[in-house]
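Chemist: Each chain is listed here by its residues.
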Amino acid sequence: MQIALEAEGLAKNYGAREAVQNLSFQAPQGSICGVLGPNGAGKSTTLRMLVGVLKPSAGRVTMFGGPLTREVLKRVGFLPEERGLYRNMSARGAIAYLARLKGVSAGKAFKRADALLESHGLGPVRRKRIKTLSKGMAQKVQVLAAIAHEPDLIIFDEPFSGLDPVNQRALEETIRAQAVAGRTILFSTHVMEHAERLCDRIVLIAQGKKAFEGSTQEALALAPSAALLETDGDYDLAAALGPRGFVITDDGAEAGHRRWRAKLEGPNASRRLLAACVEAQAPLSLFEPARASLHEAFVALVGDRAAHLE
Amino acid sequence: MKQIYLVARRDYLAYVGAWGFWLSLITAPVLLTVLLFGPLLLARAEPPRVIVVLADSPADAALVWRTFDDEARSAARGEVAAYLNTTARGAETQALAAFDAAPRRRAAIAAAREAVRANAPQALGAFPNPSPRYVLVDPPAPDIEGLRPFLSGARELLVHGALRPLYGAVRIRRDAGAPSIEYWSVNLSRSEPSEIASRAMRRAMRREALAERGVDAAQSDALDALWPAVAQYDPRPSAPTGEVTLRQKAPFYAALLLTFVLWSVVFSVANMLLSGVIEEKSNKILDTLLTSVTPLEILIGKLLGVAAVSITLFSVWGLMGAGLVHLAGERASDGVIGQIGAAFLEPRLLVAFGLGFLTGYLLYGAIFLALGSLCESVQEAQTLLGPVALVLAMPMMLIAPAIDNPNAPIIVGASWFPLFTPFLLLVRAPSGA
Chain A
1 MQIALEAEGL AKNYGAREAV QNLSFQAPQG SICGVLGPNG AGKSTTLRML VGVLKPSAGR
61 VTMFGGPLTR EVLKRVGFLP EERGLYRNMS ARGAIAYLAR LKGVSAGKAF KRADALLESH
121 GLGPVRRKRI KTLSKGMAQK VQVLAAIAHE PDLIIFDEPF SGLDPVNQRA LEETIRAQAV
181 AGRTILFSTH VMEHAERLCD RIVLIAQGKK AFEGSTQEAL ALAPSAALLE TDGDYDLAAA
241 LGPRGFVITD DGAEAGHRRW RAKLEGPNAS RRLLAACVEA QAPLSLFEPA RASLHEAFVA
301 LVGDRAAHLE
Chain B
1001 MKQIYLVARR DYLAYVGAWG FWLSLITAPV LLTVLLFGPL LLARAEPPRV IVVLADSPAD
1061 AALVWRTFDD EARSAARGEV AAYLNTTARG AETQALAAFD AAPRRRAAIA AAREAVRANA
1121 PQALGAFPNP SPRYVLVDPP APDIEGLRPF LSGARELLVH GALRPLYGAV RIRRDAGAPS
1181 IEYWSVNLSR SEPSEIASRA MRRAMRREAL AERGVDAAQS DALDALWPAV AQYDPRPSAP
1241 TGEVTLRQKA PFYAALLLTF VLWSVVFSVA NMLLSGVIEE KSNKILDTLL TSVTPLEILI
1301 GKLLGVAAVS ITLFSVWGLM GAGLVHLAGE RASDGVIGQI GAAFLEPRLL VAFGLGFLTG
1361 YLLYGAIFLA LGSLCESVQE AQTLLGPVAL VLAMPMMLIA PAIDNPNAPI IVGASWFPLF
1421 TPFLLLVRAP SGA
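Note that the protein sequences, when read in sequence, are chains A and B.
Going by our numbering, 99 is the number at position 99 of the first sequence; the sequence numbering is gapless.
Take any residue in the second sequence, count from 1 to its spot, add 1000: that is its number in our numbering.
Among these hints, one or two may not hold up.
Stated by the list, open to error - Quick list of in silico lysine-lysine cross-link-like pairs, BS3-like style, CA-CA up to 27 Å:
hint	chain 1	residue 1	chain 2	residue 2
1	B	Lys1002	B	Lys1249
2	A	Lys128	B	Lys1284
3	B	Lys1002	A	Lys55
4	A	Lys55	A	Lys111
5	B	Lys1284	A	Lys135
6	B	Lys1281	A	Lys74
7	A	Lys74	B	Lys1284
As the list claims (entries may be wrong) - Chain A is nowhere near these chain B residues, computed Cβ spacing over 12 Å in every case:
hint	residue
8	Ala1014
9	Val1034
10	Thr1093
11	Asn1283
12	Leu1363
13	Gln1382
Stated by the list, open to error - Selected chain B positions facing chain A (Cβ under 7 Å, derived; list incomplete):
hint	residue
14	Leu1006
15	Lys1281
16	Ile1285
17	Asp1287
18	Gln1379
Hint data in this document are derived by calculation from the structure and do not stem from the laboratory.
Backbone N, C-alpha and C fix where the C-beta goes; we use that ideal spot for every residue, glycine too.
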């Protein structure tokens, strides 16, 4: 497995405040990696250090097996969190300009700008000035500007913020298409659903520190599993299964049924729970293992307060 | 290098592509012309001011009237001479002789015009027709009390068929023989009529004093008319021998004009740099740029881009100026306009202008760029700009004393202060050895 990007012991201090502390992670080539965390966790600071906009207080960044140089950065596309374009430039002019700064020739830059705008439904507005475009359109233009030079590594900082659901879905497709084309993608988000749908690997950050790094499946496995159960009548499932080592909590009652939530721990936990119910002759009307989410995994890893820290 | 070129090119095209740039490019010289010539034209457009004279002695009143006439005639002669000096020097002597031979001011102007028509008709188009600054009329009342309603503007006088306000009244008293002058006017800031009356009464007193020694009035006036010829020479070895000509004086005026141009351009383009940096910060473009371009490349690119904007400004203004000089040259004789135009092309002026622009632009540009990097918005920048604008205005305050004496200690000292050097270097350039 080749590594496109590696951060080793990255740290960034603003005076006494430690925005990022000893952060290390890798992005394998061709993968989609998510840097996840609540607002203020240090995601943007990390990404800005990765592309050389901020100088780390400590640590180093390796890209494509070498140090971060101007030549290496030409192979990187970056969409910053605080984004904007020259308001008086046309959409195609803005894309071509940023591509040319990355070393693409003028002719190719304009051709690629036209092709990208056309393929993303912005063909009719390609000659319009940025200031006349809607916010969503302008953001799409900037996403296209980040990939117009066909970079090997694409880094997006909160790419979905400010987009409506339709455009969020379209951007997900763009990211998938770039990955299919063999590019490595690293993006930050505080919305876990995007990461769940897109990422092969994730890095969870809380309060400037890495809380987890691994595949999405590994992260989900860390989430506490649970099952939802319903019993008929007044049957007390907690009393019946508690002595057998199961943690069951009352989840309310409704029209002759009682609802329960069981914590699933260890291998084959749901199978063992169902067997225990049968053995205890519990009058079950519902048994539904709950699907774990990245958010739950994150809460389990860093605690509820840190996971929601703004 | 390519990155610098791209940043510079984008900035250049962004500015020259804006309609506001071309509007200010055209309006700036027009505004400068209005500022230079506006006050003069406004003064000319003002109708003559109405003055009355109250005198104990009719002879004194007559002398004051005559002195006002002489002043008006002398001012008209000066204006005609200045016009002919720059447009038709060959016709100047004959025209002024015709002027001097005519008995009254209006007739003198007409005579000079006829002489120009005969000798240099191409200069007739803009031949001046100056109005007198003051017109004297008979007083509507015999004393100051009676004149008060007129002087305060409550009443007006009928002058040549039109009602006009009374500007001032000159009261000449004779107390024990010695004249004294009172000047009455609500225009407290200007007392020129009293000065003209004072000259008249000085002449009267001289006549009277000389009369006691047996010299009659005509001889006294002849003594008054004695006037030495004045010639100016330039002692510098590089200067042409002989009397100082317009060609030698022209570089000083050219330097003055170029200093104004330099100052306004440096200030304008430094402002462009400031607004450009603030635009990039407020539009959040910098993070995007910084993955492709270093901060130094952005800085150099911006400086070069805006420098190219300045060169465009100078080129267009230069072409406009050359066109105007060419047009004026066709109307003038003796190549006078060509001589003035040539003053702008003197190597020492061009070098001083180029150096002044380079150093001034880099210095003020760096200051404004630094200001821009400190600010997140135009409002923030404006609060910091106040002191900088004051510093930038200071060299303009030194220009008048620098022209008066380019080598005065304060001017020489100020020339070494980097913020003033570009402008004082230029204004002092014509006085160099």
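Chemist: Taking the hints in turn, state whether each one holds.
Modeler: The hints, checked one at a time:
| no. | hint | in the structure |
| --- | --- | --- |
| 1 | Lys1002/B x Lys1249/B | 47 Å, violated |
| 2 | Lys128/A x Lys1284/B | 20 Å, holds |
| 3 | Lys1002/B x Lys55/A | 24 Å, holds |
| 4 | Lys55/A x Lys111/A | 34 Å, violated |
| 5 | Lys1284/B x Lys135/A | 14 Å, holds |
| 6 | Lys1281/B x Lys74/A | 22 Å, holds |
| 7 | Lys74/A x Lys1284/B | 20 Å, holds |
| 8 | Ala1014 | 6 Å, violated |
| 9 | Val1034 | 31 Å, holds |
| 10 | Thr1093 | 61 Å, holds |
| 11 | Asn1283 | 4 Å, violated |
| 12 | Leu1363 | 27 Å, holds |
| 13 | Gln1382 | 20 Å, holds |
| 14 | Leu1006 | 6 Å, holds |
| 15 | Lys1281 | 10 Å, violated |
| 16 | Ile1285 | 5 Å, holds |
| 17 | Asp1287 | 4 Å, holds |
| 18 | Gln1379 | 18 Å, violated |
In this structure, the earlier hints numbered 1, 4, 8, 11, 15 and 18 are contradicted, and the remaining ones agree with it.
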